[in-house]
Amino acid sequence: MDDTTLIRRCLAGHTEAYGILVDRYSARIINLAYAMIGDRHDSEDIAQDAFVRAYKGLPKFEKRAKFSSWLYQIALNLCKDYLKAKSRHARSADDEQLAAMDGDPKDQAPRVVLQVELSDKMREAINKLPYLYRESFVLRHLQGLDYSDVATITSVPADTVRVRAYRAREMLRQSLAPNVDTFWREKAAKEKSRAD
Amino acid sequence: MKKDEKKLIHRALDGDITKSETRRLKRKLETDGHARAEFEQLKKVVKDTEKLRIDVPEDFTKKVLEETKKLKPPPATS
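Order-wise, the sequence lines are chains E and W. Letter by letter, the first sequence follows residues 1 to 196 in the numbering used here. Letter by letter, the second sequence follows residues 1 to 78 in the numbering used here.
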């Protein structure tokens, strides 16, 4: 059943139809929020809030627009509000990063440690991107949207989001390059020792 | 690396280059180790973004529907 039909059913009082929409978009919205704010628990709260707000706003939803684009806009606005509040309260590093430091890395296989470290560095690097670059990068590469959809969601021309994604990729490449190099060097060394 | 070559690399990452530009980029990457390294690093940045995905909690939809049940059903507009 397509989104428009499900929305029509919700508006006709079949509220269970909304569950299908939540199932359809929950992974995208949680991952969008997680990439934008970097806190797993809070990203789930933001996603939940986004779905509740969208439900409340269904009667006002313009059927010409895509439901997913509208939902992305709601979620991104919540992420912006969250980050503004966070910067006001000057919170320190998120709990998950601290939790990741628990436990003895020696207990884990070297390859796993390297992989975890790389993902962690990636998340850290994304969180350091200027907000507008992060937004375009995440929508384009994590959500897999094309530039015209990113432009609709962010209300800026497609060429602007293209440039923002370009700059985000360059900034990420520069901040992650040492890790990438280390990763490949260690991988090559392992393969060599295996061949020997 | 020239600015237009850098732009070409980024357009290739977006899958937005013509056949002749693909040939031009291929030639560049074959002859310029620095450009090749940058291209590989950028591809890896994009690929590693996938690793940031998290799973949806099992009870997520249930929690949302519990919240929406507390609200009045959205009134029909048509």
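Everything labelled a hint here was simulated from the structure, so no lab data went into it. Only a predicted model underlies this, so the values are computations on that prediction, with no experimental measurement involved. A portion of the hints provided could be inaccurate.
To be verified - Only pairs whose alpha carbons sit at most 27 Å apart, straight line, appear in this in silico DSS-like list of lysine-lysine:
1) W:Lys3 with W:Lys47
2) W:Lys43 with E:Lys56
3) W:Lys6 with W:Lys62
4) W:Lys43 with E:Lys190
5) E:Lys80 with W:Lys63
6) W:Lys62 with W:Lys2
7) E:Lys128 with E:Lys86
8) E:Lys190 with W:Lys51
9) W:Lys7 with W:Lys47
10) W:Lys44 with E:Lys86
11) W:Lys44 with E:Lys121
12) E:Lys128 with W:Lys51
13) W:Lys43 with E:Lys121
14) E:Lys190 with W:Lys47
15) E:Lys66 with E:Lys121
16) W:Lys19 with W:Lys44
17) W:Lys2 with W:Lys43
18) W:Lys43 with E:Lys60
19) E:Lys121 with W:Lys51
20) E:Lys63 with W:Lys62
21) E:Lys128 with W:Lys47
22) W:Lys62 with E:Lys56
23) W:Lys6 with E:Lys128
24) E:Lys128 with E:Lys84
25) W:Lys63 with E:Lys56
26) W:Lys62 with E:Lys66
27) E:Lys80 with E:Lys121
28) W:Lys63 with E:Lys60
29) E:Lys80 with W:Lys62
30) E:Lys63 with W:Lys69
31) W:Lys3 with W:Lys19
Tested hints:
1. W:Lys3 with W:Lys47: Satisfied, since the Cα-Cα distance of roughly 24 Å is no more than 27 Å.
2. W:Lys43 with E:Lys56: It is violated: about 41 Å lies between the C-alpha atoms, which goes past 27 Å.
3. W:Lys6 with W:Lys62: 47 Å, violated
4. W:Lys43 with E:Lys190: 22 Å, holds
5. E:Lys80 with W:Lys63: Answer holds: Lys80 of chain E to Lys63 of chain W is near 23 Å, not above 27 Å.
6. W:Lys62 with W:Lys2: 54 Å, violated
7. E:Lys128 with E:Lys86: 14 Å, holds
8. E:Lys190 with W:Lys51: Cα-Cα ~22 Å, so holds.
9. W:Lys7 with W:Lys47: Holds - the C-alpha atoms of Lys47 of chain W and Lys7 of chain W are around 19 Å apart, at most 27 Å.
10. W:Lys44 with E:Lys86: The given pair, whose Cα atoms are some 31 Å apart, is violated under the 27 Å limit.
11. W:Lys44 with E:Lys121: 13 Å, holds
12. E:Lys128 with W:Lys51: Answer holds: Lys128 of chain E to Lys51 of chain W is near 17 Å, not above 27 Å.
13. W:Lys43 with E:Lys121: Holds, at about 16 Å.
14. E:Lys190 with W:Lys47: Holds - the C-alpha atoms of Lys47 of chain W and Lys190 of chain E are around 22 Å apart, at most 27 Å.
15. E:Lys66 with E:Lys121: Not OK: Lys66 of chain E and Lys121 of chain E at ~34 Å, beyond 27 Å, violated.
16. W:Lys19 with W:Lys44: OK: Lys19 of chain W and Lys44 of chain W at ~23 Å, within 27 Å.
17. W:Lys2 with W:Lys43: At roughly 19 Å apart (the allowed maximum being 27 Å), Lys43 of chain W and Lys2 of chain W satisfy the hint.
18. W:Lys43 with E:Lys60: 41 Å, violated
19. E:Lys121 with W:Lys51: 11 Å, holds
20. E:Lys63 with W:Lys62: 26 Å, holds
21. E:Lys128 with W:Lys47: 19 Å, holds
22. W:Lys62 with E:Lys56: Answer holds: Lys62 of chain W to Lys56 of chain E is near 17 Å, not above 27 Å.
23. W:Lys6 with E:Lys128: 23 Å, holds
24. E:Lys128 with E:Lys84: 15 Å, holds
25. W:Lys63 with E:Lys56: 15 Å, holds
26. W:Lys62 with E:Lys66: 24 Å, holds
27. E:Lys80 with E:Lys121: Measuring from Cα to Cα gives roughly 22 Å; hence the hint holds.
28. W:Lys63 with E:Lys60: It holds: about 23 Å lies between the C-alpha atoms, which stays within 27 Å.
29. E:Lys80 with W:Lys62: 26 Å, holds
30. E:Lys63 with W:Lys69: Given pair Lys63 of chain E, Lys69 of chain W holds - Cα atoms ~23 Å apart, limit 27 Å.
31. W:Lys3 with W:Lys19: 20 Å, holds
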